[in-house]
Structure formats: structure tokens, C-alpha cells
Amino acid sequence: MSEHRRKQPPQSPPGGRAAARRGGQQPTPPASGGRRAAGGPPTGSRSAMSSGGLPPAGPGGPPTGYGAGPGGSGGPGGSPAGGAPYEGRAAARRAAQGRSGGGNGNGGGRRRGTGGPGGPDGGAGRGPGRRPGKKRFIDYPRFGKEGWQRWMPSWRQVTALFIGFAGTLVGIAGIAYAMVDIPDENKAAIAQNNVYYWADGTRMVAHGGDFNRQNITYDQIPKAMRYAVISAENKTFETDSGVDPMGITRALFNMAKGGETQGGSTITQQYVKNSMLDQSQTVSRKFKELFISIKVGAKVSKNDIITGYLNTSYFGRGAYGLQAAAQTYYGVDAVRLNPSQCAFLAALLKGPTYYDPLGAEGIDPAATAEANTKRSTERWSWILDQEVKYGHMTPTERAKWTKYPMPQGLKVQAGMSGQISYLVDTVNNYVTTHSSPKITQKDLDRGGYQIYTTFDKNKVNELKKSVEAVRKKNIKPGGSHKYQGDDAEYQGTDADTNVQFGAASVVPGDGRIVAIYGGEGYEKGEFNNNANTSGVPVGSTFKPFVLAAAMQYGTNHSNGKPITPESKYNANDLIEIRDHNGDLVKNKDGSVFKQKNEDTIKRGYVPLMTAMQYSINSPFVQLGEDVGLDKVETTAESAGLLKGSMADKVASFSIGTSTPSAIRMADAYATFAKSGVQVDPYSVTKVIHNGEQLDGFERPKTKQAMDGNIANNVTKVLENVVKKGTGTKALELGRTAAGKTGTTDSPGGTRSAWFVGYTQQLSTSVVMFRQDTKAKKLLPMSGTGGAPSIHGGDIPATIWTDYMKAALGNSDDPGFPDATKIGDPQNEPGAPSPTPTNTTPPPTPTDTPTTTPPTTPTMTTPPPTTPPTTPPPTTPGGPCLPWDQSCQTTPPTSPTTTPTTDGPGNGGGGGGHTQQPNDG
Numbered sequence: 028m029s030e031h032r033r034k035q036p037p038q039s040p041p042g043g044r045a046a047a048r049r050g051g052q053q054p055t056p057p058a059s060g061g062r063r064a065a066g067g068p069p070t071g072s073r074s075a076m077s078s079g080g081l082p083p084a085g086p087g088g089p090p091t092g093y094g095a096g097p098g099g100s101g102g103p104g105g106s107p108a109g110g111a112p113y114e115g116r117a118a119a120r121r122a123a124q125g126r127s128g129g130g131n132g133n134g135g136g137r138r139r140g141t142g143g144p145g146g147p148d149g150g151a152g153r154g155p156g157r158r159p160g161k162k163r164f165i166d167y168p169r170f171g172k173e174g175w176q177r178w179m180p181s182w183r184q185v186t187a188l189f190i191g192f193a194g195t196l197v198g199i200a201g202i203a204y205a206m207v208d209i210p211d212e213n214k215a216a217i218a219q220n221n222v223y224y225w226a227d228g229t230r231m232v233a234h235g236g237d238f239n240r241q242n243i244t245y246d247q248i249p250k251a252m253r254y255a256v257i258s259a260e261n262k263t264f265e266t267d268s269g270v271d272p273m274g275i276t277r278a279l280f281n282m283a284k285g286g287e288t289q290g291g292s293t294i295t296q297q298y299v300k301n302s303m304l305d306q307s308q309t310v311s312r313k314f315k316e317l318f319i320s321i322k323v324g325a326k327v328s329k330n331d332i333i334t335g336y337l338n339t340s341y342f343g344r345g346a347y348g349l350q351a352a353a354q355t356y357y358g359v360d361a362v363r364l365n366p367s368q369c370a371f372l373a374a375l376l377k378g379p380t381y382y383d384p385l386g387a388e389g390i391d392p393a394a395t396a397e398a399n400t401k402r403s404t405e406r407w408s409w410i411l412d413q414e415v416k417y418g419h420m421t422p423t424e425r426a427k428w429t430k431y432p433m434p435q436g437l438k439v440q441a442g443m444s445g446q447i448s449y450l451v452d453t454v455n456n457y458v459t460t461h462s463s464p465k466i467t468q469k470d471l472d473r474g475g476y477q478i479y480t481t482f483d484k485n486k487v488n489e490l491k492k493s494v495e496a497v498r499k500k501n502i503k504p505g506g507s508h509k510y511q512g513d514d515a516e517y518q519g520t521d522a523d524t525n526v527q528f529g530a531a532s533v534v535p536g537d538g539r540i541v542a543i544y545g546g547e548g549y550e551k552g553e554f555n556n557n558a559n560t561s562g563v564p565v566g567s568t569f570k571p572f573v574l575a576a577a578m579q580y581g582t583n584h585s586n587g588k589p590i591t592p593e594s595k596y597n598a599n600d601l602i603e604i605r606d607h608n609g610d611l612v613k614n615k616d617g618s619v620f621k622q623k624n625e626d627t628i629k630r631g632y633v634p635l636m637t638a639m640q641y642s643i644n645s646p647f648v649q650l651g652e653d654v655g656l657d658k659v660e661t662t663a664e665s666a667g668l669l670k671g672s673m674a675d676k677v678a679s680f681s682i683g684t685s686t687p688s689a690i691r692m693a694d695a696y697a698t699f700a701k702s703g704v705q706v707d708p709y710s711v712t713k714v715i716h717n718g719e720q721l722d723g724f725e726r727p728k729t730k731q732a733m734d735g736n737i738a739n740n741v742t743k744v745l746e747n748v749v750k751k752g753t754g755t756k757a758l759e760l761g762r763t764a765a766g767k768t769g770t771t772d773s774p775g776g777t778r779s780a781w782f783v784g785y786t787q788q789l790s791t792s793v794v795m796f797r798q799d800t801k802a803k804k805l806l807p808m809s810g811t812g813g814a815p816s817i818h819g820g821d822i823p824a825t826i827w828t829d830y831m832k833a834a835l836g837n838s839d840d841p842g843f844p845d846a847t848k849i850g851d852p853q854n855e856p857g858a859p860s861p862t863p864t865n866t867t868p869p870p871t872p873t874d875t876p877t878t879t880p881p882t883t884p885t886m887t888t889p890p891p892t893t894p895p896t897t898p899p900p901t902t903p904g905g906p907c908l909p910w911d912q913s914c915q916t917t918p919p920t921s922p923t924t925t926p927t928t929d930g931p932g933n934g935g936g937g938g939g940h941t942q943q944p945n946d947g
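With the first letter of the sequence shown counted as 1, position 2 gets the number 29 in our numbering; the numbers rise by one all the way through.
Heads up, a few of these hints could be off.
Claimed, not checked - DSS-like, lysine-lysine: derived pairs with alpha carbons at most 25 Å apart:
| id | residue 1 | residue 2 |
| --- | --- | --- |
| 1 | Lys438 | Lys491 |
| 2 | Lys658 | Lys743 |
| 3 | Lys401 | Lys430 |
| 4 | Lys465 | Lys670 |
| 5 | Lys250 | Lys430 |
| 6 | Lys499 | Lys509 |
| 7 | Lys743 | Lys503 |
| 8 | Lys804 | Lys551 |
| 9 | Lys503 | Lys551 |
| 10 | Lys509 | Lys551 |
| 11 | Lys377 | Lys430 |
| 12 | Lys848 | Lys751 |
| 13 | Lys743 | Lys803 |
Hint data in this document are derived by calculation from the structure and do not stem from the laboratory.
None of the values given here were measured: they were computed from a predicted structure.
All chains should be modelled from the sequences, with the hints used to inform the complete structure.
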């Protein structure tokens with residue numbers, strides 16, 4: 028080819044200055060022949076710079092490395108045919124770095140030079156501007172691109188990747204679809220027993236594995252039931268594919284973020300979930316459930332799906348399937364259910380814990396009978412309305428069902444009799460609230476768990492014997508013990524019916540529940556676990572928490588100094604109460620609230636130890652306001668009571684309007700016994716399922732709930748209650764003990780009576796009350812056991828003493844740690860000076876005691892010839908107690924039943940409770 032045909036404008040030699048310098052330093056061998064070799068060796072070599080026999084340019088000439096000779100373009104000194112055109116400084120830099128051109132990258136041209144590694148006989152160059160010698164299967168990083176563009180895939184690559192990924196997923200899905208089987212609901216009915224063990228490892232009972240279930244056919248399911256479920260659960264059931272992708276996505280997302288697990292959102296998915304033996308909440312199980320649901324939706328008829336769903340659904344109370352639910356709740360076969368009953372059962376599918384009118388407070392305190400009934404009623408009515416809305420029921424038919432179909436009560440299950448029923452109930456509640464991952468009641472009903480408890484078989488039996496012995500001796504339903512109060516509603520009624528007992532025993536410093544008494548047994552219709560029930564006010568057994576708070580925080584008048592047991596407070600009856608800000612507490616009607624005691628004696632200011640000893644109300648009501656009811660509540664919760672059991676913070680809050688369980692009261696008093704060390708109560712030590720020990724059942728951690736010396740001072744005060752006060756019945760224990768009585772009074776008589784006491788080894792609480800189980804209300808105990816009034820120091824203290832004797836046996840009596848002084852007394856403002864005001868000797872006692880010394884002693888009968896056995900009357904303003912006959916002007920009055928209205932407490936802002944705690 029002629030060079031004239033390729034003639035180009037004059038250009039500087041390629042490669043730039045750097046190439047020129049290298050060319051001047053490194054000799055290059057002659058180039059091989061060929062038409063395109065006329066320009067000589069590759070640009071940048073020494074030969075190229077002296078082409079045509081011309082010497083390098085002298086002074087004043089153009090730099091040799093830029094190539095043009097005297098002849099301009101194509102001449103002997105700079106013919107462009109000898110190399111590629113000049114490509115600028117970038118090319119020069121690449122040439123300098125050895126990345127472009129032929130032969131070791133020294134050339135700057137686009138075309139291959141002759142000879143050398145970059146020529147016809149050499150390998151391809153490595154620069155980005157050269158196409159690879161062999162085409163790559165995947166062009167990545169991309170050829171011919173610079174910078175970030177080299178790493179950006181082309182649209183062809185992205186498309187190919189997407190198609191490959193989608194194809195892989197389709198292949199996996201196809202394999203998964205082929206491998207899963209359509210569920211068989213009959214296999215899901217096969218279950219194991221739960222086995223419960225005593226603390227010593229011996230077997231207590233096997234329970235929970237016998238499914239309360241019987242499969243029925245599609246024809247045996249009422250049409251009303253099918254439509255109720257469809258209207259409530261899956262309105263498009265009859266037309267949809269059986270899978271809700273959005274529902275599954277929500278469930279997976281919720282699981283990924285650690286939230287509450289969710290079930291399928293279609294009846295088909297729920298049926299599949301019910302039928303799967305593996306109930307674990309994992310992503311892999313969710314995907315398996317998805318493929319099974321797709322297969323079921325494609326191959327199983329809608330009639331068979333809804334039949335399987337209703338045969339495998341859990342309706343609560345241990346009932347699996349519609350037939351079992353019909354018998355459990357209404358005592359009829361499923362085929363005989365009416366549309367109203369069907370709507371109720373469909374409501375249960377939302378969750379029996381919250382929609383069974385019986386309630387499930389052991390699982391969730393919010394699931395009370397009242398709250399559940401309200402929720403169930405609303406959903407029952409809504410379901411019937413939905414049936415009308417979607418054409419499954421006519422308005423005329425709907426108008427027939429306006430009364431809520433209240434179901435029947437619980438039934439006794441096999442093996443659940445005596446105290447075993449309450450022990451299992453306590454354990455199951457603990458398992459469902461502490462397991463991780465969560466074990467539901469439905470899981471427990473399926474069975475297969477080995478549960479090791481803290482219950483001591485001997486102590487459980489001893490507690491049962493103590494309660495039953497006292498019950499047999501004192502409580503005689505149908506006998507002569509009639510109501511003795513002044514409430515006309517109960518006149519002539521049997522005062523010994525519906526009497527309930529509950530008790531619990533906890534190890535201080537450990538939290539282990541070793542014994543409970545829950546009631547007479549499921550077999551006698553007593554399904555409430557009285558050891559773990561709430562709703563029974565604790566009365567004056569709450570006062571120790573008020574005293575502990577005063578020791579810890581002081582009051583609004585003590586300048587941060589602790590209130591000691593020797594501090595004096597006004598113990599008179601009907602005193603006006605001032606709140607934390609010093610304002611008078613008012614009743615709802617605006618009148619001034621006055622706190623009532625059990626009697627009308629004017630005692631004046633007494634030490635708090637004395638007020639606790641005889642359980643006088645007024646000092647502790649005012650003390651609680653002075654400390655601050657919020658601080659009192661905090662102290663009680665730190666000791667072990669649950670916030671949910673606390674009453675409104677009105678003035679009477681400090682004397683026990685709250686309703687903790689017997690278990691929690693025993694645990695809170697155990698905090699005093701262990702010098703302020705608190706451990707939450709627990710009843711389970713280990714749970715095994717399928718050979719694997721489950722998490723969540725380690726012993727609760729200990730904490731220092733209050734200063735040890737404060738707790739020891741409270742114990743000292745409660746020892747005095749047992750030695751000299753309302754708890755002297757416990758002296759029969761024959762060892763060091765501390766305790767407190769509590770009684771709740773309201774119009775017509777006492778409603779509850781408590782005794783809570785402890786040694787260093789064991790803390791035990793006992794509660795007694797009457798309850799109308801149907802109306803869910805407490806009944807008066809005036810006349811119960813033949814006594815005009817029941818107090819905590821009577822029957823409850825007797826049960827406590829008998830049990831503790833047997834439970835402690837011949838164990839050592841370690842006593843209690845010594846309590847040291849926590850400060851000087853901080854009397855309530857208005858208390859008299861500690862300096863005696865009466866220096867004259869007391870007068871000679873008379874047969875009619877007086878509260879003040881008469882000016883002239885008068886004898887109505889001859890004076891006694893022997894020294895009096897009672898102490899002389901106290902000075903004015905000193906304590907005058909019901910048991911101190913030397914200072915009473917009249918015989919002790921009988922317990923009054925005059926109602927009082929609790930005024931608003933510090934921040935309470937509301938009226939009072941109808942149940943008024945009385946002296947314990």
C-alpha cells in the first residue's frame with residue numbers, strides 16, 4: 028500500500044517526552060519487514076528518533092522525541108507511517124508506565140507494531156485499549172472501560188444473572204413442592220404425656236397427653252359454624268388459592284426482628300400449621316408450611332380443608348377440634364350447636380386465653396374474667412354481623428341471636444384432683460411465662476414435656492393437712508353457723524358456705540416455692556388456684572412495707588432522716604389525714620376524710636412499733652402519706668409484690684387495699700427474713716422436651732431490695748407482733764418467728780383474713796375468705812366458724828402455726844440477725860414532748876378504769892387487798908390499747924361495721940374502695 032494513501036497531517040512522534048527519553052537511553056533492534064514497518068522500530072525507540080539517517084535535532088530544533096524531521100510529514104525524519112498518531116499526554120503516561128503499545132508496552136499506537144512482543148510475532152498488549160487475544164466467556168471486568176465503568180455489569184449480564192437466579196429458585200421450589208406431603212390431621216392427634224416431678228426427682232403426675240379430641244366429618248359440621256369461621260377468619264376462603272403471600276411476608280419479617288410469632292392468614296395455612304407436628308417458630312418451618320399450603324390449595328377440596336381445620340384447631344380448656352369444644356363449652360355434640368354458639372366458638376379461635384369468659388389471669392393478668400367476657404361478647408356479636416354482611420345469614424335470622432351464649436364451667440380432667448391440680452396449674456403458668464422460646468398452653472396440651480418442680484411432697488401434704496384439720500373443726504356448711512352481721516342481704520344465710528383458703532410457702536434467699544394450698548380440688552368444683560389468685564385485699568399485712576419505706580426514705584417532715592420504729596404517730600380513731608403536701612384529704616363529696624380504727628379508743632400518739640403490734644390503722648395511713656404513696660409502692664414492689672396487684676394510691680392504700688397472691692406475699696416477707704435480699708418466687712427448675720433441656724428456667728437472680736438493717740428492724744417489729752400483739756397464736760410454734768395479721772372489713776363484716784409469717788428457713792402466707800364464684804365477689808365472714816368476726820390472728824394464724832411446726836420439724840432455730848439503731852425518733856408533727864408531763868404517782872386502780880387520773884379518787888368497791896396484776900393507767904397522751912384494761916373507761920367495743928370512705932391519697936385523685944381494711 029502506498030504511503031501517500033495513508034498520508035496524515037504532521038504529528039509528533041507518539042509516546043511523549045517520557046517515551047523520547049527512554050528511546051534515547053535504550054537501543055532497539057531493527058524492525059522486521061513489511062509494508063507497515065516503513066516507519067522503523069516502534070515509537071519510543073532510539074531508532075525511531077533518528078529515522079532517515081538524520082541525527083537528533085540540535086540546539087534550537089524541535090525535540091527529537093516529538094518526531095518531525097526537516098521534511099515535515101512523511102519525510103525521512105518523521106514519516107507517520109513509522110508509528111501511530113500522537114495520542115496526547117495520557118498515552119505518553121501509559122507508555123512511560125509500560126502499559127501500552129507493542130513490545131513491553133513501549134509503543135503508544137493503537138495498531139500492533141512490527142516485531143517485538145507487541146508485533147505480529149509477539150503477544151497481545153495488556154492495556155485497556157487492546158482487545159484480549161482470546162475472547163473471555165464473561166466479559167468482567169468489562170473490556171474497553173475505564174474507572175468505575177469497568178466494574179459496572181452490562182444490562183445483558185444483569186438480565187442473565189436474574190434469569191439464572193429465578194431459574195434456581197423455581198428449581199428449588201419445584202423440588203420442595205415435590206417433597207412435601209399433604210398433612211394428615213389424624214397424625215396430629217397423637218401426643219405424649221407431660222410428666223411432672225417433685226423436688227426430689229420422683230414422679231408427681233403424668234398429664235396433658237390425652238387429647239380431648241374426636242374428628243368429625245364435613246356433614247357433621249353445622250353450616251352456621253362453617254360460615255362463622257369463614258366470616259371471622261378468611262372471607263375469601265371459598266375462592267382464594269389458600270396462600271396469602273403478604274401474610275407470610277409479615278410473619279417472616281416479624282420473626283426476623285424478634286417480635287411475636289404469627290400464624291398463617293388463610294384457613295388453608297392455619298390448617299397446615301395445626302396439622303404439622305413440628306410447631307417450632309423458625310424460618311425453615313415457615314417455608315415448609317408455605318409449600319404444603321400451596322400443595323393443599325391445589326389438590327385438596329375446600330370442604331376437606333375446612334373440615335381438617337376445625338378438627339385440628341385449639342379452642343382452649345384442653346379441647347382440640349370442634350367436637351371436643353362443643354362438649355367442653357356447651358355439653359352437646361357439634362352437630363347440635365346453634366348459630367349463636369357457633370359464633371362464640373369461632374371467637375375462641377382468636378385466642379382462648381383472651382376470649383374464654385372464665386379468664387386466664389395465671390397466664391396474663393390482663394385476661395380477667397370480666398375483660399375476657401367483654402372481649403368475647405364483642406367479637407361474638409361482630410361475627411354474627413359479618414355473616415349478615417357477607418350473605419351467610421339473613422337479618423331476620425340475626426335478630427334471633429341477641430343474648431350472649433355464656434358457656435358452662437370447667438370440667439375435671441383425669442388425674443387432676445386434690446392439690447395436684449393446683450400444683451400443675453402453678454407450674455404451667457410459670458412455664459408459659461418464663462420459657463424461651465415461648466411454650467404456650469397449647470404446646471403443653473400437646474404433651475411431651477418433662478417438668479421438674481420445686482414442690483416438696485412432704486410439705487405440700489403437711490400444708491394440706493393443716494388447712495383441712497382447721498376447716499373440719501371450724502367450718503360446717505349446712506350447720507348452725509349463720510350470718511351475724513347487719514347486712515340485710517345476708518340475714519339468715521349460712522356463713523360457712525363458699526369459704527376459701529389459700530397458702531404458699533417460700534424459702535427465703537432462694538425463692539423456691541416448696542408448698543402451696545390452692546383449694547379443695549377441681550373435683551369439688553374449685554377451679555380457682557387460691558395460692559396464686561389475685562382479688563383478695565391483704566389488709567394490715569401491707570403495713571410492714573409502709574414502715575420499711577419510712578425507714579428508707581424518711582418523710583416530708585424528717586428532713587431526710589429515717590423514721591424509726593420508736594417514732595410516734597397519732598393513733599386516735601377518726602383522725603383527719605393530710606396528704607404529702609400537707610393538705611387535708613377529701614372524700615368524693617368534698618368532705619374531709621377521717622381514718623377509722625377498729626375501735627373508738629383515744630390512744631394519743633404511740634410508737635410505730637406499738638401501732639404495728641396492735642395493728643392500729645390511723646398511724647400508718649398518715650405515715651404512708653408523709654412518706655409518699657409512690658415510695659411505699661416502690662418499696663413493696665422491690666420486696667417482691669407485682670405492680671399489677673397494686674391498688675389505686677388513695678389514703679387507705681397503706682393499710683392493704685392491694686391484692687397480691689399468697690405466693691407473692693410469702694416471697695415479699697421472705698425479703699425481710701433474709702435481711703433485704705429478694706429473689707422472685709419460682710416453681711420450675713428444669714424442662715426437657717425431645718431430650719433437650721429448654722432455656723428460661725434458671726434460678727432467678729438475687730438482689731438487695733432494701734438495706735439489710737432496715738429489713739432487720741422490720742423483722743424486730745414483727746417479732747413483737749408475735750410476742751405481744753395480734754399474732755400471739757404463732758407463739759405455739761415454739762421458735763423465733765415474725766409475722767403480721769391482716770383483715771379487710773367492709774359493710775356487713777370482714778371479707779378477708781391473712782397471716783403472713785416467717786423464720787429464717789421458711790416464709791409462709793395463709794389467706795381465708797368467702798367468695799361467690801359465680802358473681803365473682805367476696806362475701807362477709809361475720810358468723811363464719813361461729814365467730815362474730817374473723818381476723819388474721821384467728822383461723823389463718825392457727826393454720827400457719829400447725830403447718831410450720833410440721834414443715835420445720837426438729838431443725839435448728841437460728842433466730843434473726845440483730846437489728847441496730849437506724850437513728851433518733853422522728854415524731855409526727857404535733858406529738859407531745861418526750862419529757863413526762865405528769866410527775867405525780869398514779870392513783871389507786873379502780874374497778875372502772877379511766878383514761879385520765881380523777882382529781883379525787885373514788886372507790887365504788889373496796890380496793891383489792893393484793894397488788895394489782897395489771898399495770899397502772901398511763902399518763903395522758905400515752906397509749907391506751909384494747910388489751911390494756913388499766914386505762915379503759917368502758918369495756919372494749921365490738922368490731923364495728925360502719926363503712927368508711929377512703930379519700931384520695933397523694934396523687935390518687937379518686938374516691939375510695941368499698942372494701943375497708945380493718946385492724947389485723
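(Q) Taking the earlier hints as the rules, which of them does this structure contradict? (A) Violated hints: 7 and 13; rest satisfied.
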